[in-house]
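Residue numbers (my numbering), protein chains in the order written: chain A, 1 to 328; chain B, 1 to 320; chain C, 1 to 347.
In case anyone wonders, no lab produced these hints; they're calculated from the structure.
Any given hint might turn out to be false.
In silico SDA-like pairs for lysine to any residue, Cα to Cα no more than 20 Å straight-line [what the hints assert, rightly or not]: (1) B:K267 / B:D67; (2) C:K138 / C:A150; (3) B:K267 / B:M111; (4) C:K106 / C:T96; (5) C:K138 / C:N188; (6) C:K49 / C:E24; (7) B:K209 / A:E69; (8) A:K93 / A:N66; (9) B:K209 / A:F86; (10) C:K49 / C:A18; (11) B:K209 / A:L65; (12) B:K209 / A:W109; (13) C:K49 / C:H107; (14) A:K93 / A:V68; (15) C:K106 / C:R88; (16) C:K106 / C:N188; (17) B:K209 / A:N66; (18) B:K209 / A:P114; (19) B:K267 / B:E140; (20) C:K106 / C:R79; (21) A:K93 / B:S222; (22) B:K209 / A:V68; (23) A:K93 / A:E69; (24) A:K93 / B:T218; (25) C:K98 / C:R134; (26) A:K93 / B:R224; (27) B:K283 / B:A294; (28) A:K93 / B:E226.
Selected chain A positions facing chain B (Cβ under 7 Å, derived; list incomplete) [what the hints assert, rightly or not]: (29) L67; (30) F105; (31) L112; (32) N113.
Every residue, glycine too, gets a C-beta built ideally from N, C-alpha and C.
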Amino acid sequence: MSAALLEVDGLSKWYPVRQRGLFRQHTTGEIRAVDDVSFRIRAGETLGLVGESGCGKTTTARAILNLVEPSAGFIRFEGRDVVPVFREGDRAKVLQIRRSLQYVFQDPWLSLNPRWTIGETLKEPLRVHLPDQPHRWEERVEELLRMVGLEPHHAWRYPHEFSGGQRQRVGIARALAVEPKLLILDEPVSSLDVSVRAQILNLLVALQDRMGLAYLYISHDLSSVRFISTHVAVMYLGKLVEIGQVDALFTRPRHHYTRALLSAIPVPEPGAANTRIALQGEVPSAMRRPPGCPFHPRCAAALPVCREVEPPLTPAGEQHRMACHNPV
Amino acid sequence: MDAPIAPAPAVVPEAGLARTERPPRPPGIWRQSWYRFRRNRAGMLGLCLVGFVVLVAALCPFIAPFDPNDQSAMLRGAARQGPTLTHLLGTDRNGYDVLSRVLYGASTALMVGIGAMMIASVIGVVIGGIAGYAGGLTDEFLMRFAEFFMVVPVFIVILAVVRLFGIVVVGTWLESVPNLSLMTIIVLLGLFEWAPIARMARAEFMRLKHAEFVEAATCIGSTRREILLRHILPNALPSLVVLVALGIGGAILAETMVSFLGFGDPKAVSWGQLLYFNYEALKVAPWASLAPGAAIFITVLGFNLLADGLTDAFNPRLRQ
Amino acid sequence: MLSTLASASRPVAAAPEAPLVRVEDLRVHFFTRDGVVRAVDGMDYVVNKAETLGIVGESGSGKTVSSLAMLQLVPPPARTVGGRILFRGENLLERTPKAMASVRGKHIAMIFQNPATSLNPIYSIGAQLCEIVRWHEKVSRRQAEERATALLNLVGISDPAARLRQFPHELSGGMKQRVGIARALLCNPALVLADEPTTALDVTIQAQILDLLAELQARLHMSMVLVTHDMGVVARMADRITVMYAGRVCETASARTIFTAPRHPYTRALLESMPRVDHSYSGRARQPLPTIAGRPPNLLHPPAGCRFHDRCPEATAECRRVLPVETEVAPGHTVSCIRHGSQGVAA
Numbered sequence: 001m002s003a004a005l006l007e008v009d010g011l012s013k014w015y016p017v018r019q020r021g022l023f024r025q026h027t028t029g030e031i032r033a034v035d036d037v038s039f040r041i042r043a044g045e046t047l048g049l050v051g052e053s054g055c056g057k058t059t060t061a062r063a064i065l066n067l068v069e070p071s072a073g074f075i076r077f078e079g080r081d082v083v084p085v086f087r088e089g090d091r092a093k094v095l096q097i098r099r100s101l102q103y104v105f106q107d108p109w110l111s112l113n114p115r116w117t118i119g120e121t122l123k124e125p126l127r128v129h130l131p132d133q134p135h136r137w138e139e140r141v142e143e144l145l146r147m148v149g150l151e152p153h154h155a156w157r158y159p160h161e162f163s164g165g166q167r168q169r170v171g172i173a174r175a176l177a178v179e180p181k182l183l184i185l186d187e188p189v190s191s192l193d194v195s196v197r198a199q200i201l202n203l204l205v206a207l208q209d210r211m212g213l214a215y216l217y218i219s220h221d222l223s224s225v226r227f228i229s230t231h232v233a234v235m236y237l238g239k240l241v242e243i244g245q246v247d248a249l250f251t252r253p254r255h256h257y258t259r260a261l262l263s264a265i266p267v268p269e270p271g272a273a274n275t276r277i278a279l280q281g282e283v284p285s286a287m288r289r290p291p292g293c294p295f296h297p298r299c300a301a302a303l304p305v306c307r308e309v310e311p312p313l314t315p316a317g318e319q320h321r322m323a324c325h326n327p328v
Numbered sequence: 001m002d003a004p005i006a007p008a009p010a011v012v013p014e015a016g017l018a019r020t021e022r023p024p025r026p027p028g029i030w031r032q033s034w035y036r037f038r039r040n041r042a043g044m045l046g047l048c049l050v051g052f053v054v055l056v057a058a059l060c061p062f063i064a065p066f067d068p069n070d071q072s073a074m075l076r077g078a079a080r081q082g083p084t085l086t087h088l089l090g091t092d093r094n095g096y097d098v099l100s101r102v103l104y105g106a107s108t109a110l111m112v113g114i115g116a117m118m119i120a121s122v123i124g125v126v127i128g129g130i131a132g133y134a135g136g137l138t139d140e141f142l143m144r145f146a147e148f149f150m151v152v153p154v155f156i157v158i159l160a161v162v163r164l165f166g167i168v169v170v171g172t173w174l175e176s177v178p179n180l181s182l183m184t185i186i187v188l189l190g191l192f193e194w195a196p197i198a199r200m201a202r203a204e205f206m207r208l209k210h211a212e213f214v215e216a217a218t219c220i221g222s223t224r225r226e227i228l229l230r231h232i233l234p235n236a237l238p239s240l241v242v243l244v245a246l247g248i249g250g251a252i253l254a255e256t257m258v259s260f261l262g263f264g265d266p267k268a269v270s271w272g273q274l275l276y277f278n279y280e281a282l283k284v285a286p287w288a289s290l291a292p293g294a295a296i297f298i299t300v301l302g303f304n305l306l307a308d309g310l311t312d313a314f315n316p317r318l319r320q
Numbered sequence: 001m002l003s004t005l006a007s008a009s010r011p012v013a014a015a016p017e018a019p020l021v022r023v024e025d026l027r028v029h030f031f032t033r034d035g036v037v038r039a040v041d042g043m044d045y046v047v048n049k050a051e052t053l054g055i056v057g058e059s060g061s062g063k064t065v066s067s068l069a070m071l072q073l074v075p076p077p078a079r080t081v082g083g084r085i086l087f088r089g090e091n092l093l094e095r096t097p098k099a100m101a102s103v104r105g106k107h108i109a110m111i112f113q114n115p116a117t118s119l120n121p122i123y124s125i126g127a128q129l130c131e132i133v134r135w136h137e138k139v140s141r142r143q144a145e146e147r148a149t150a151l152l153n154l155v156g157i158s159d160p161a162a163r164l165r166q167f168p169h170e171l172s173g174g175m176k177q178r179v180g181i182a183r184a185l186l187c188n189p190a191l192v193l194a195d196e197p198t199t200a201l202d203v204t205i206q207a208q209i210l211d212l213l214a215e216l217q218a219r220l221h222m223s224m225v226l227v228t229h230d231m232g233v234v235a236r237m238a239d240r241i242t243v244m245y246a247g248r249v250c251e252t253a254s255a256r257t258i259f260t261a262p263r264h265p266y267t268r269a270l271l272e273s274m275p276r277v278d279h280s281y282s283g284r285a286r287q288p289l290p291t292i293a294g295r296p297p298n299l300l301h302p303p304a305g306c307r308f309h310d311r312c313p314e315a316t317a318e319c320r321r322v323l324p325v326e327t328e329v330a331p332g333h334t335v336s337c338i339r340h341g342s343q344g345v346a347a
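If we strip away everything but chain A, and leave its shape as in the complex, we get (with noise of 0.2 Å):
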């Protein structure tokens, strides 16, 4: 395959501990909400990025995208360093960037501007990165409408008027307004409802065939993440714990906590194997993450170097790697 589009390599991003005095405010600590994460994306892949709340898969898509600033870890999209561009905020580099890097947010009853029209809101990108050709945006949004599954005249209500799955259509038109060449897709169809979900879901695989999109998909929906990835990885406390083409590693999972997650799924088969993993205990809070392996509290396979030193992200397998001291 080609070279990657995105390689994230050691990415973290610290938040301090801060208690507020009158004035000033004291740091008393700090929260890895991502820690030394690296994967890389390919052209027209999908990675899915999975795990429960709080384990850092939306900071890192905000990193990427640069709506948190890293605190480490380079980020390179088309083998160029991204961070500093960011940093130094030259506009035009800057744009270069924004333009083949889109986001799709969770939710579309949030994500559109209460007081914009669609077509406003789809102009937006038109305005922003061809300035100079105002006379093509009318044409552009009414294709990007099709291109979704809208119609032309949406372009001319307010978002209020829609249901959810049609603001995602336009969450994702904007999104392909400027011709990315990535997608992050922040859980695009966790609010949607079951029967929308599936339509979402093929449109993202349609576009994706079509104009050879890469996307990261970021969900704690294990059955979209299987439907719509090429790749999972899988995060636990900011941390990833294991990586792997998609197939191998729903099938054959070798860290605990992938297994233990995946046998969580209720599997809409009444009376289906019960091989589940029964995981004892809740994430700890990442302020308080166990020193060693940060899941070897809730392990069952737990060794006592695991209490101590933590696994690093290991080769197991054709493009697998996972962290473990003790795999399945």
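Please build the complex by placing chains B and C on the supplied structure of chain A, with the hints as guidance.
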């Protein structure tokens, strides 16, 4: 990969809709709020009252039977006279026609209310907006600054400044500025009433800067200026409009109290002053106190009801 | 209408016992400014003793409102405008609000969706639990506390005596939901209504809570109505399943039948449109998921005839004219689709 996207057929098959005529623009958020507002009886009553006061203020030179400074009744010995056909609301102890004074008072009241709130809104939105959007130390500092203005007893400051200013300007060119005291009161009210607006603006800007559609604009590459002016400010306006409507009523009431205490502008025609002149004669000439009192009541009630109606119109979910 | 539906799905409960709850022709309408929204429009179901009934549907299908109606808890502007809810033979809708209060929590209890908001943040766990016990039963404070401790123990909370002194914000999401369950079970109710009890929780915590509910239900022989949109959850938990669409019941059958031999086109489409975690979708050309075209109807103006007809692949002209009536097509399996053996009345 880099090739532009061809205008491919739609993913979801649908009837090929030819480039249709532009359909009528559907009601936007303001228009919708208006539809909701129209159905709110109290709000509509408020709007009518305010509209009435505005109308009176605009037309007072034409509808007032006497000049507001006409004291000729005094010479005729017709001061403190009850309502008659010439003086529909009677005359007060200074021989003024009460009706004319009350009618002219409307424009003063509106000038005070709207002028003060205009100053307060500009300061409040700028300071609150910066605090909310920038956050961190800037926010801390600006909000401490705003809190200072919230704890200062506005009333005492106004009384002191008006009195001091009145002494200072004697003999300077400032003396020739018409209604100087009234201007001073308006500016002071504006300067001391912006803090609640700033707090609201800060809260709104803070909420909106993390709104997903604002982050979406950031991802598109919109500049900070565009985001502030095109995304955040328009969405913050409804809450601020409500606060401003309430504030206008408050400012009118404040000016009335200042005038009632005798610190008002002697050259301006104000309801508070009318009360100040006549409250001692309440038993002898009640009409001279009751009429301006009623005018104050109607105006302030109007603005409060209007604000109430606006709240409901902008936040339909709060009601249900 | 459902009188023939006596056969319980559980092999153990073979004797045709009277059901615990029988809901007949329930109608709940929302009286909004824009008109009447028929959120629940003629719904029938029964809940047998010691069984779990899963009510499945998408948002707006009326599944939550129908369970709230059982406790007379439908929020305004909604009102229960018709039907009967027979609990142990007594119509609950005829009870006065005051008389209803003695049923809530004691005979029928509720587990809420969001554990974070269903507990009052300013009272300790113990205070909230004891209040319920002492409201329904004449017991001393000591006895109430003992009961609360025992229940916290039952729902798997360690060191329950200490937890009683804690406040909701000191507990994690999963813990709060366990407290929510304990609260529902305090008075040993005959029926528990669980409205999306695990939707707000993470998958691994969801698994723990579902296990707990299943275990408690079996141990305490209580009946449960589980309202959810998640087919996986009902597959694991429910004995029988009722599928709702746009305020009406599409199909009711045993869980196995719903998943292996569904008859109603909506049930089938719903099941097919879900991606499955145990299926491989990679390799070859990816097949799109089967979908249901269009979107749920606006219940201000529901479509005439079958509510699903405009999205249904099998719809005929008759479906537009005839309102299907739930009809038993096999023992314990009722369907309301005229294409699949149901009777209908002219709309």
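query: Tell me, which hint numbers fail for this structure?
result: 19 and 20
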